[in-house]
Amino acid sequence: MKVLTGNDLKTGDVIWWTGEGWSRHVNDAVDAGEHPEAILAREEAAQRVVGSYAIDAAVTGECVRPAHIKERIRALGPTVRLDLSLKPADPAAGNWVI
Amino acid sequence: MYQYDQYDQAMVDARVAEFRDQVNRRLAGEMTEDQFKPLRLKNGLYLQLHAYMLRVAVPYGTLNSAQMRMLGDIADKYDRGYGHFTTRQNIQYNWIKLEDAADILADLASVEMHAIQTSGNCIRNTTADQFAGAAADEVEDPRPYAELLRQWSTFHPEFDYLPRKFKIAIIGSDTDRAAMKLHDIGIQIVKNEAGEIGCRFYVGGGMGRTPMIAPVIGDFVPPLQMISYLEACLRVYNRYGRRDNKYKARIKILVHEIGADEYRRQVEEEFAHILTLGLEPPPAELERIKGYFADPGFETGLSGDIDRSDPDFALWLDQNVHAHKQPGYAIVTISLKPTGGIPGDASADQIRLMADLAKAHSFDELRVTHAQNIVLPHVKKADLYALWQKLDAAGLASANLDLISDIIACPGLDYCSLANARSIPVAQKISERFADLGRQRELGELKLKISGCINACGHHHAGHIGILGVDRKGVENYQLLLGGSEGADTSLGTITGPGFNEDGIVDAVEKATDVYLAQRTDGERFLDTYRRIGMAPFKEAIYG
Numbered sequence: 001m002k003v004l005t006g007n008d009l010k011t012g013d014v015i016w017w018t019g020e021g022w023s024r025h026v027n028d029a030v031d032a033g034e035h036p037e038a039i040l041a042r043e044e045a046a047q048r049v050v051g052s053y054a055i056d057a058a059v060t061g062e063c064v065r066p067a068h069i070k071e072r073i074r075a076l077g078p079t080v081r082l083d084l085s086l087k088p089a090d091p092a093a094g095n096w097v098i
Numbered sequence: 001m002y003q004y005d006q007y008d009q010a011m012v013d014a015r016v017a018e019f020r021d022q023v024n025r026r027l028a029g030e031m032t033e034d035q036f037k038p039l040r041l042k043n044g045l046y047l048q049l050h051a052y053m054l055r056v057a058v059p060y061g062t063l064n065s066a067q068m069r070m071l072g073d074i075a076d077k078y079d080r081g082y083g084h085f086t087t088r089q090n091i092q093y094n095w096i097k098l099e100d101a102a103d104i105l106a107d108l109a110s111v112e113m114h115a116i117q118t119s120g121n122c123i124r125n126t127t128a129d130q131f132a133g134a135a136a137d138e139v140e141d142p143r144p145y146a147e148l149l150r151q152w153s154t155f156h157p158e159f160d161y162l163p164r165k166f167k168i169a170i171i172g173s174d175t176d177r178a179a180m181k182l183h184d185i186g187i188q189i190v191k192n193e194a195g196e197i198g199c200r201f202y203v204g205g206g207m208g209r210t211p212m213i214a215p216v217i218g219d220f221v222p223p224l225q226m227i228s229y230l231e232a233c234l235r236v237y238n239r240y241g242r243r244d245n246k247y248k249a250r251i252k253i254l255v256h257e258i259g260a261d262e263y264r265r266q267v268e269e270e271f272a273h274i275l276t277l278g279l280e281p282p283p284a285e286l287e288r289i290k291g292y293f294a295d296p297g298f299e300t301g302l303s304g305d306i307d308r309s310d311p312d313f314a315l316w317l318d319q320n321v322h323a324h325k326q327p328g329y330a331i332v333t334i335s336l337k338p339t340g341g342i343p344g345d346a347s348a349d350q351i352r353l354m355a356d357l358a359k360a361h362s363f364d365e366l367r368v369t370h371a372q373n374i375v376l377p378h379v380k381k382a383d384l385y386a387l388w389q390k391l392d393a394a395g396l397a398s399a400n401l402d403l404i405s406d407i408i409a410c411p412g413l414d415y416c417s418l419a420n421a422r423s424i425p426v427a428q429k430i431s432e433r434f435a436d437l438g439r440q441r442e443l444g445e446l447k448l449k450i451s452g453c454i455n456a457c458g459h460h461h462a463g464h465i466g467i468l469g470v471d472r473k474g475v476e477n478y479q480l481l482l483g484g485s486e487g488a489d490t491s492l493g494t495i496t497g498p499g500f501n502e503d504g505i506v507d508a509v510e511k512a513t514d515v516y517l518a519q520r521t522d523g524e525r526f527l528d529t530y531r532r533i534g535m536a537p538f539k540e541a542i543y544g
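Sequence order for the protein chains is A and B. Mapping of the first sequence onto our numbering: residues 1 to 98, in sequence order. Mapping of the second sequence onto our numbering: residues 1 to 544, in sequence order.
It is possible that part of the hints are untrue.
Here are the simulated lysine to aspartate or glutamate pairs, EDC-like style, with alpha carbons at most 20 angstroms apart [to be verified]:
#1 K473(B) <-> D489(B)
#2 K10(A) <-> E30(B)
#3 K37(B) <-> D13(A)
#4 K37(B) <-> E44(A)
#5 K380(B) <-> D356(B)
#6 K37(B) <-> E43(A)
#7 K380(B) <-> D318(B)
#8 K97(B) <-> D13(A)
By construction, these hints were calculated from the structure, which means they are not laboratory data.
Just need the whole structure built from these sequences, with the hints factored in.
What follows is the structure in structure tokens.
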């Protein structure tokens with residue numbers, strides 16, 4: 001599946017396209033189909049997202065897992081500062097990235 | 001330290017106001033990202049992996065305590081309680097909101113700081129010897145020249161859109177502590193047989209995907225003609241540097257392609273022309289600047305004795321304290337490399353503590369090193385033990401300077417959008433593997449440097465042991481290099497062979513150190529042994 005990601009214009013947060021808006025949680029990401037260009041162009045023009053693009057991902061269990069490690073790190077946060085990640089209470093969260 | 005005059009302050013204040021307006025227009029939807037991006041980059045604001053990243057300039061790595069304290073306060077107020085000191089002697093904040101960016105620049109301007117020249121194809125913030133003005137082996141203090149260079153290069157209209165970014169380092173000692181020959185231009189202040197001071201220009205060095213050691217282009221340029229010679233070097237580069245291919249756009253490629261002799265000929269021709277224009281700063285201006293860098297009020301007649309009865313203090317003393325030019329004083333390097341820590345990171349509290357210690361013990365001065373540590377340049381020997389106790393209580397007393405755990409590491413894939421692999425976890429694992437300080441000291445001087453991509457921000461080419469992270473079909477892989485160096489004996493490391501995974505690279509490093517321990521002769525560093533016995537024994541141990 002293709003999911004859409006970028007950064008929030010104001011905060012810089014990593015965000016994911018939910019079909020209706022943007023979420024900081026990768027698990028909220030939805031399949032944007034094979035031609036997401038129109039969505040990206042519209043959202044960039046609306047000044048909500050910056051640096052947006054489509055990536056490959058898969059649904060494993062109940063989780064959306066980006067195909068590339070770089071995007072998994074973007075989804076979680078820095079693996080060396082899990083206290084600042086989206087799963088600060090999970091000491092094994094970094095394993096998901098690898 | 002240099003202090004802004006009315007022109008410096010007015011320029012920086014105007015820049016803050018200009019950027020505030022630009023941010024407001026961007027947030028109001030009056031500018032697209034394509035329009036805004038070059039403007040934010042001109043103010044050090046990048047968009048990185050997780051958020052906006054602000055890179056703050058620390059001109060020639062020198063700070064006073066008010067500036068350092070402000071860096072700590074910014075970490076708390078606008079970021080997530082920490083900052084990252086970089087191999088360019090700057091500091092980066094990783095979690096900046098666009099909405100806050102102009103306020104941060106205003107706070108910086110209030111202590112004579114900014115984020116200018118930290119991005120873009122301009123002359124970047126100049127780096128310098130972190131022991132400047134304090135080193136016992138210094139020919140001349142490079143800081144006045146670095147400040148002159150800052151004033152010349154800031155907003156220089158001719159060099160604001162060079163073919164590629166441009167980095168200059170300047171030193172004033174025989175000992176190169178600034179990796180000078182691996183910069184676009186390295187300037188060494190030297191003294192000739194007649195006792196005259198001059199500038200030796202090394203031009204065309206660099207790391208990145210095409211590492212090169214800079215050749216000498218100008219052997220002895222009179223100090224007051226330093227700016228004109230720089231103009232000539234830059235002008236030839238600006239004219240002929242390639243703009244069609246960013247990977248071949250650095251000056252090192254130009255110097256390599258036309259040859260050092262031809263490049264020198266063109267520079268000399270341009271230099272002769274520039275000298276007719278009378279562009280040099282008046283001697284009085286250099287003298288005015290030098291006045292800001294006069295020695296602080298050193299006491300005289302101080303004892304050089306130090307009580308070494310505390311063994312942990314003695315270890316730190318031997319490893320992290322260097323000789324000072326003034327009897328009774330010493331240079332202290334605060335390691336930002338605790339066991340298992342993130343190289344170069346410091347919490348807001350640690351940053352403020354270092355500011356307080358500089359105020360109390362180092363004539364209000366600090367330096368950032370390209371090895372991602374902090375220097376207190378002028379500490380009374382009698383104060384060393386009290387200082388060490390305060391550092392120790394804050395987790396800042398690692399006695400590992402220049403040892404294997406004093407690792408340079410770029411932010412890597414944990415933070416950087418350009419990276420291919422993570423650097424920091426590898427640094428942490430190596431640091432933990434060699435946690436025993438006795439083992440580290442047995443290995444002696446061993447500079448280990450890690451980059452998460454070929455851009456080489458972690459200086460892997462110049463590591464006695466270097467590690468380069470690459471992407472192998474979406475999986476992190478690490479290449480090992482041996483034999484690099486960045487000092488007077490600058491050399492480029494050689495790749496040992498096939499790469500490793502994260503655990504494998506730590507094992508490979510350990511095997512390389514085992515070869516060294518088995519093969520070294522008296523007094524040899526790791527680098528010396530490698531140069532004597534060559535790559536073969538290391539490859540055999542690592543891959544055999």
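Can you name, in rising order, the numbers of the hints this structure does not satisfy?
The structure conflicts with hint 1 only, although it agrees with all the remaining ones.
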